[in-house]
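Participant: As you go down the protein sequences, you meet chains C and Y in turn. First residue of the first sequence: 1, per my numbering; consecutive thereafter. First residue of the second sequence: 1, per my numbering; consecutive thereafter.
If you are wondering where the hints come from, they were derived from the structure by calculation, not from laboratory data. A couple of the hints might just be wrong.
Just so you have them, the derived chain C footprint on chain Y, three or more residues with Cβ under 8 Å [claimed, not checked]: (1) 17 to 23; (2) 112 to 122; (3) 138 to 149; (4) 190 to 196.
Ideal Cβ placement from N, Cα and C applies to all residues, glycine included.
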Amino acid sequence: MLAKRIIPCLDVRDGMVVKGKNFIGIREVESPVALAQRYNLSGADELVFYDITASAEGRALFADTLKEVASCIFIPLTVGGGINTLEDFDRVLKCGADKVSVNTGAIRDPLLIGRAAKLYGDQCVVLSMDVKRVDGKFTVFSHGGRVNTGISAVEWAHRGQEEGAGELVLNSIDTDGVKGGFDCEMLNAVCGKLTIPVIASGGAGKKEDFLKLFQEVPRADAGLAASVFHFGEINIEELKIYLKENGVHVRL
Amino acid sequence: MIAVIDYGVGNLFSLSASLKYIGAESVVTADKNIIRSASAIILPGVGAFADAYAKLERSGLIPVLKSETADGKPMLGICLGMQLLFDKSYEYGEHEGLGFIGGEVCPIGPDLKEKLKVPHMGWNSLEFRKPSPLFKYLSGGEYVYFVHSYYAKNCAENVTSVCSYGGAYLTASAEKENVYGTQFHPEKSGATGLKILKAFSELR
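Next comes chain C alone, as it looks inside the complex (with noise of 0.2 Å):
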């Protein structure tokens, strides 16, 4: 039987981890390498890399970032952000990434995600979804969230299965941030008849909210979250371990 996933997510930029603001709301960042390798220590299944740079140097500095996470830790790494042409997939996979994320790109291009699935496996391609309730309906944002694009969620998940996409990152804008736990409501919705894997994303403030999303959202395959991780308010073992009490099957 599979285990549930649980995946910490780290934003890049100039080669460190924006961990995001502090309780007094100072900016902090830290290595890469060391905050990745702590999680693998924790148990972290796979980690996600999200390149939130946007200078040729910053790219640069993102690859030998990647390179040297890849060079010690032996887990799944996905790589996201920036990713809009085959070359963007070729560049990053090159570095030891094993999945490759597509969010904007894939809006724009929609055929982007079939052509890097024929060229590198379904299994390698994720479409990530940024979603937010408008009017009442799960519509997809792009450019990070701040672009509305008017798509119905539900159906940019189908087609993104159907194009080739082997996983899916659903994160809910309502209630990223937020801390008051995984918005279940809106990943039932979207990810109700899809078959491939689907990662939840946005609201986790507690363990409780990991426990709650395995539960009401059984086709949810794993859990991703940052900020909580990285400042340390969900141990990522004592997390898996809380899980696995309570009936969750999880990689000890």
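Given the coordinates of chain C, work out where chain Y should sit on it, guided by the hints.
Facilitator: Just chain Y, lined up with the frame of chain C:
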């Protein structure tokens, strides 16, 4: 030194890095002389069976792999590299394999008793079926990372471990004499995977 066979399939970054991490010297190569002088061979692979076998044939390395394994050199096939070790595969047709281990590679889907996702992708736990030198540092029940839609069947006497999925037992590892195969990716299976690679690198 371990020769990692380079025949144009898959991403070898993590495999090379993991061997380096455990202190095993390795080289990614398609050179017959280097393969002959290596202490062990790893056959990696991702993608489709027929395409990978055709590439291996084109590389001209099959006779070398056959003679070296016949001489007793340890060889490890990983994922599709493991599937290539069997007699044949039924992935998109019927295709001949290397025949180092008796058995056939068949689709997972029809054998599942519950309707579960294929590919079988993620962390699943190993159930040992037979002792194997690759398990030297394991105790059973460890989780390893899988990504596959086909698996080796009708090879019961060669199966060393399985994993349970959708009411079926999928072959996770198999071996015959000095030829070993893991359906999972040891180079992506954290500390457990490194222990398996270490055990393989210590075979003589």
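Participant: Are 3 or more residues of the segment 138 to 149 of chain Y near chain C, judged by a Cβ distance of less than 8 Å?
Facilitator: Contact hint for the segment 138 to 149 of chain Y vs chain C: holds, 3 residues under 8 Å.
Participant: Establish whether the coverage given for the segment 190 to 196 of chain Y by chain C is satisfied; the threshold is a Cβ-Cβ distance below 8 Å, and no fewer than three residues must meet it.
Facilitator: Satisfied; 3 residues make the cut.
Participant: According to a criterion of three or more residues whose C-beta lies within less than 8 Å of a C-beta of chain C, is the segment 17 to 23 of chain Y covered?
Facilitator: holds (count 4)
Participant: Count the residues of the segment 112 to 122 of chain Y whose Cβ falls closer than 8 Å to any Cβ of chain C, and tell me whether that reaches three.
Facilitator: Check passed, 5 qualifying residues.
In this structure, every one of the numbered hints holds.
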